[in-house]
Amino acid sequence: MKVINLDHISAKPLLPEVKKAMIEAIERDYHNPSSQHKSGEEAAAQLQNAREAAARLLNCKTPKEIVFTSGGTESVNHAIKGVAMANEDRGKHIITSNIEHNAVIRSLRRLKSAGFTVTSLAVDSEGRVKPKDVANAITKETILVSVMHSNNETGTIQPIEEIGKITREKRVIFHSDAVDSVGVLPMDVQALGVDLLSFAANTFYGPTGVGGLYVRRGTRIFPLLDGGVQENNKRAGAENLVGIIGAGKAAELAVRDMDQRLAHLRALKNRLITEFPKYIDEYIINTHPEYSLPNLVSISIKYIEGESVMLMLDDANIAVSTRSACATGSLRASHVLLSLGLSHADAQGTLVISFGIDNTEADIDTFLKALKEVVTTLRDISPLYQKASK
Amino acid sequence: MYNKTVMDHFRNPRNVGVIEDADGVGEVGNPLCGDMMTIYLKIKDEQIEDIKFQTFGCGSAIAVSSMITEIAKGKSLAEAKKLTNKDVAAALEGLPKNKLHCSNLGADALQLAIQDYEDRKAGVKRPQPIRKEKHEHSHGQKCYCPYCDIEILPDTTFCDACQSSLEEEH
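Sequence lines, in order, name chains A and B. FYI, the numbering for the first sequence is 843 to 1232, going by my numbering. FYI, the numbering for the second sequence is 1001 to 1170, going by my numbering.
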């Protein structure tokens, strides 16, 4: 039976055009783009096409500002560790937020053990960093600010443009982890004022295992991987050309179809949020009403636990994601949800519903009907519901 | 992720509900994640005549609650007192390693319910304890992370496997 995918944040399907481009690339069996003979130049032309497509997606000044990587995680590691290593003679202080992805948190944890100091800023009750806090945290020692563009658990968008104005004025390097935004929202690195921006191709229906890092010309950064001079001397190793060709195609389609996709996703999100109260009571929406991704809604349903909901919906052939502590490796409540002020019990009931261009409004209705049954079943078992309704 | 027996008890939990005139009630909560389990007992001739549960928790927590009620039903109190969380995990034919400690609260809830019954009979009033994670679980000489049950070094403040900080428990 067909599974309704409402877990696009975990994986998005490849677009048919992307698949086709990648299969053609495999069949063409391109040579190494660094080789100077005809076969190498053919491959280099393909690589350049993909780079130009990615550069258009972000409004780069030149395609040279795009470094292809193995995905969002590598891009983030590269940005943070590469800037730290290249600038430690200037200072060893880095500023970030409390709601970053683990790629950022653990990269910074690594740097802390190498003698860097990190200031992690709290978010307000709506889940946003206050730009003023960034300005106040900057010292003479500050070399980098890293704040995510949109949060992968709540979809809430951060005030990157405002932070970008501050970092420019104070001449501090600014990185944004935009893995869940690039290809979904119109992104313009000039307007955002970032020096570095991480992205992943799967976010815009390209292959997993490919991503990129935007590096503004003139930014002091070391490579994460040392070796050859590929990627303008910023990322060594023969390129994953098949993947990069897929990413380039996906970027091209994202630019072409952006408006149409946005309208579709916004309609789905609107339907979910307006219909939800007709099916379920007592819940908290963790997604910012205004500043948020069009394709993701985080909802905490009271008195029940998310993994149970996810398993029961799976039985009904609906895939969703949960941020319940029980469903994480660490069995701890999500740091993002706790930062919003949610209680441990409320955080337990958190579902992340993320749609894609392949979803329909009928999918949302099917989901809500199934969810209503699941919530009723689980609340009947729940001692918390029993206590609350007494 | 879960085996067939666990999924069966999760999908079709046995003995769900509340016994309004229960002779003993046991409630355990895991303060870290917020999970909670309540067991109600009806005792006749020192035997568990009826048992029901309510649980707020993951798939494994629900399956564990269902299984403990199924095992305990009809047993004498003497027999029921011997039941441990290990017995429940074994009856479920195993739980994922990281769920062994956090969701396997069934026997604890049962023992509290039996104690509550005996206290009521003896006219003793005592506050029920909230379950608290100990910072290490010793199986033999080794130390294990309380969150994922992976072996850790005795003096560590950080579990490499699940990235949990263990400082606050020390």
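Possibly wrong hints are sitting among the right ones.
What the hints assert, rightly or not - Partner residues are not named here, just some residues of chain B that face chain A (Cβ under 8 angstroms, in silico):
1. 1013
2. 1015
3. 1036
4. 1056
5. 1062
Since the hints were derived computationally from the structure, they do not count as laboratory data. Think of the CB as a built atom: it goes at the ideal place given N, C-alpha and C, for glycine as much as any other residue.
Going down the list of hints, with the structure as the test:
no., hint, verdict
1, 1013, "7 angstroms, holds"
2, 1015, "11 angstroms, violated"
3, 1036, "5 angstroms, holds"
4, 1056, "5 angstroms, holds"
5, 1062, "6 angstroms, holds"
In the structure shown, a violation is registered for the earlier hint numbered 2 alone.
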